[in-house]
Amino acid sequence: MAMNNGNNGRPHKVIGKPFRKVDARAKCNGQTRFADDISLPRMLYCKLLRSPVPHALIKRIDTTRARQLPGVVAVITGSDLPIPYGILPVSQDEHALCIDKVRMIGDPVAAIAAVDEDTAFEAMDLIEVEYERLKTISTIEEGVYVDEPRIHEYGDGGNIHKRVSLEFGDVDEGFAEADHVREDVFFYEGNTHLPLEQHAAVAHFDADNKLTLWSATQTPHYVHRALAKVLGLPAAHIRVIATPNGGGFGGKSDPFNHEVVVAKLAMMTGRPVKITLTREEVFYCHRGRHPVLMWVKTGVKRDGAITAMHFRTFLDGGAYGSYGVASTFYTGALQTVTYNVPRYKFEGVRVFTNKPPCGPKRGHGTPQPRFALEAHLDKIAEEIGISPVDIRRRHLAPAFSVTANYLRIGSMGLGACIDKIIEASDWQNKFRRLPYGKGVGFACSSYLCGAGLPIYWNNMPHSGVQLRLDRQGGVCVLCGSTDIGQGSDSILAYIVAEVLGIDPFDIRVVTADTDLTPVDLGSYSSRVTLMTGNAALQAAERARELLTIAVAEKLNVPIENIAFAERRAFDVENPEVGVSFAEAVVLAESKFGTIGTVGSYTPPRSPGKFKGAGVGPSPAYSYSAAVVEVGVDPETGIVTVERCWIAHDIGQSINPVLVMGQVEGSVYMGLGEALMEEMTYRANRNVVHKFPSMLEYKSPTTLEMCDVKTFLIEDPDPNGPFGAKEVGQGPLLPVPPAVVNAIYDAVGVRIDEVPATPEKVLAALRAKQQGKDARFGPKSIPEIEWPAPLKVPTPAEGGDGKELPRLAVHVKD
Amino acid sequence: MMRLPKFEYRVAKKIGDAVKMMADAGADAMFVAGGTDLYPNMKRRQQTPRTVISVTRIRDLHEINGDGQSGMVIGASVTLTELCNHPIINRDYPVVANAARLISTPILRNMGTIGGNLLLDTRCNYYDQNYEWRRGINFCMKKDGDICWVAPSSPKCWAVQSSDLAPVMVALGAKLRLVSSVTDRLVDAAGLYNNDGISYLHKMPGELMTEIHLPPVNGTRAVYKKLRRRGAFDFPVLGVAAALDVDRDGTVKHARLILGGVAPAPLAVEEAAAHLVGKPLDREAIAAAAEAAYLKARPLDNTDFVMGWRKQMARPFVTRALEELRHCR
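So the protein lines, in turn, are chains A and B.
In this text, residue positions in the first sequence follow the working numbering: the first is 1, and each later residue adds one.
In this text, residue positions in the second sequence follow the working numbering: the first is 814, and each later residue adds one.
Only chain A is shown next, with the shape it has when bound in the complex (with noise of 0.2 Å):
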């Protein structure tokens, strides 16, 4: 394991100290310039005009009057901007402005720039569009069963955006093989991801017709690429500046039409254009969690040992493709990673609906399928008689090991992870021994350190890094990626660092500039600290390789002996002998000529090759572990978190405080997500939102955040930088169901749907007291008639990651 990274054996001055962030001063001072401090010479400001209805035909648009309103300089509608565009290559479904339909209240249909936007706000009424309206879709059952009105012309048919059926081995085989079966079907409501920025962007077309967009986007190289595609520009004259995101969650992850339009409207005016959306406008944008409606059925011995599981999933899209088919197979991608899961099946489905679009919010599609399976599991420990540590404890999926459905698992700390909070949480005096009305729950989960694939096909790096040093002792990193708040600008400047021997604030980072930086993937999938520190660590190598070789012949010492620290470079036998950091440039830049560094980072291929298995995979796999507490009101149902144990997998922590800050944050998301948090439309009053504000959405406040005792596990990965692993969205996953497993703990009732709001916690009591099911949740799940499975036997039965020719498989109804 290269934990010391080649400096002669010495222990890190930078990795795992808690550092203050690079950009932190400017955060706390106001300093950091948002998209929306952005203000140029000359600057127009857009509005859209988003559709009233649902689902309809455009019949009509007529923007005369708007035009002719003093202050207006452009209105543009959908034929300005024919080129659809999407996330996926798959899913190109998008049009900046509707052009002939419209699929959910909020889509933009036209946009004005005007010199104030009193004055853009004001000609929106003057706006006049007809619509012939058209049936809604508005539940995944409608998505499922109505075929028509088609919400897309594509798909897997009717309004089924897309079908997926995995079998690795043969999991009836499992089931038979088992001592006890059960099935449960749960649901997962849609939230989120309520930043408290809301998107901006501003775009400027220069004298030399070269665009700059400066957007709150987590993804600059793919709204680059999009905005190439449907402006018609040539991507070289195009350059996408990602703001400092005010939090982004995944919401920001997707190229926007509010990033297309002004690039348009900046094009066509000759003039800075601006836009802010509002709260409700955000709340249009969404992207965030799919509602997703399970079915799972596992087979286990008496001890607990997985024989087969079988997953179904249903998830309500909404109105547009975004990240949705990955979406889908995540619901089905990570159930083996946790503990061992010999055979395995995956169905799942994804549908349109005429609501704001669903896609990644953190965890993207994996929380929902973790709630489902833990809390399964503590059903099953129930009845097996067994406790729910130890049916997962005793059967861990193995470090270093290949599981069913071909992902391939690093370091493995869930073990760890358990032991610890088990121990602080004085879990063995808790569980069902506390009072009626309290109650402890427990779960664990697991969730990968970055995709192993790019969304579009190619085979170049996934994060690149330049490094540049000058002559004064000066480095600066330039990187593609883009801080979002999580710390990734600070981990760049750590990992170089302590690589040459620097102060972090000693470097200047450069990032998330299309035209200056190299290429990062984006925010996402907690990808960022593993395959930008990878390359940062590559470059940073590279460099200090140079200055020691000028170091070592300037001292007349072997080059081994050569190390840096303290802002020197000196003789590990003599460290007195030694030139300061900004000598060492000057020697290595007299001898080899400017000294710039490059390191890149590419995922290892995955050994899964089946269709399908393109997601899932991840360099490594980070591991959490929660037991919460809670208080449960029986004559209200109201559901208090009184604290959390929550321990983490990170592999090394770069910086530990930070990566607390990450656990703590998301576990104050899961508890929202677990407690409260519903984006919930009235299907019979038009499906509209039904509260599109953050006064009415309702998010936990500090008041509803419990204590929580955070503890690291660090077990370094060996593709990790230092070892490092995620830890941005993994910690997420586990509150959801330790809470309903905590409730059921208290008061003996099982929900089996979160939001755990009050009346459902009260009904499910009711429901006890008469001697009913002592549950909430769905009791069914739609038929639904599954395409023949792709199999693919697992490397237990000597597969090789393909799928079986479908021909030779015998089908079974």
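There is no bait here: all hints are sound.
Distance condition first, Cα-Cα at most 27 Å in a straight line; then the derived DSSO-like pairs of lysine-lysine:
| hint | chain 1 | residue 1 | chain 2 | residue 2 |
| --- | --- | --- | --- | --- |
| 1 | B | K1124 | A | K768 |
| 2 | B | K1124 | A | K772 |
| 3 | B | K1124 | A | K779 |
A few chain B residues that don't get close to chain A, going by computed Cβ distances all over 10 Å:
| hint | residue |
| --- | --- |
| 4 | K827 |
| 5 | D830 |
| 6 | A842 |
| 7 | I877 |
| 8 | S883 |
| 9 | N911 |
| 10 | S966 |
| 11 | K969 |
| 12 | V995 |
| 13 | H1015 |
| 14 | A1081 |
| 15 | A1086 |
| 16 | A1098 |
| 17 | L1108 |
Simulated coverage check for chain B against chain A, where a stretch passes if three residues somewhere in it have a Cβ under 8 Å from a Cβ of chain A:
| hint | stretch |
| --- | --- |
| 18 | 814-820 |
| 19 | 942-949 |
| 20 | 1042-1052 |
| 21 | 1118-1127 |
Since the hints were derived computationally from the structure, they do not count as laboratory data.
Here a beta-carbon is modelled for each residue, glycine too, at the ideal position from N, C-alpha and C.
Fit chain B to the supplied structure of chain A, relying on the hints for placement.
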């Protein structure tokens, strides 16, 4: 971002000036104090006054006088934070300070006033939305439309009384002073509110609320319980204000039980009072009062939480309010 519409802003320094400005400005004018209710509503075009007359600079409206023996007079522009912190109010009328403490957030309480809270616009999930959203449902009868989406066959608006102080003032029997350019009257708090989401106040548009008169305490004990999703920000979706006069021997002499957040006006549950008066405040009487409140509370589906559960919450919340009074001898 959402922006305020254009309007004329006037500042009055005296009550007489304020009411004269209002009389001159006519129907399209409104008074504003803290603005925590009005300005967001204006951004969403729910309220669209052409003239806004600020009353926060009127010194008389910031006075707090008296005590529990004599009764108190509180100026309408006293901020909620001042109300929370006032030593005599905390000592003699703790229910008022406690209820004020439950309103919104500390920052909004620094701006919001007692008068503003008592006159708070009624709230509804079909109304408290921005202009584009409301256009999506073709508006509602409270503003720009002609239907009540909560109860489409209803001739009246069901927007909800959402002030925390209103049920408390009704329970305490407070009186409110209303002044216009031609009138000056003192009305019962109970008489101010009208059970209609649109014309929810028995108040002339030209009248300015200037004072809140709390009656002498005389042994009245009162408590307020609030149901909401979170510990801050949220308006009540059920408020229970209970005020009792209890004899030395423990017999309830006089009782007022008022529910907030379930109707367009504070709802007096006389049936509950009837179960309490003339009896000791025991479990049986409390259970009967709670049941009466449950039967009377008929919330509709226009706030946070599902309405059936909100109705059910009347029982435990009334029980808890009365139990607290029983134990705070």
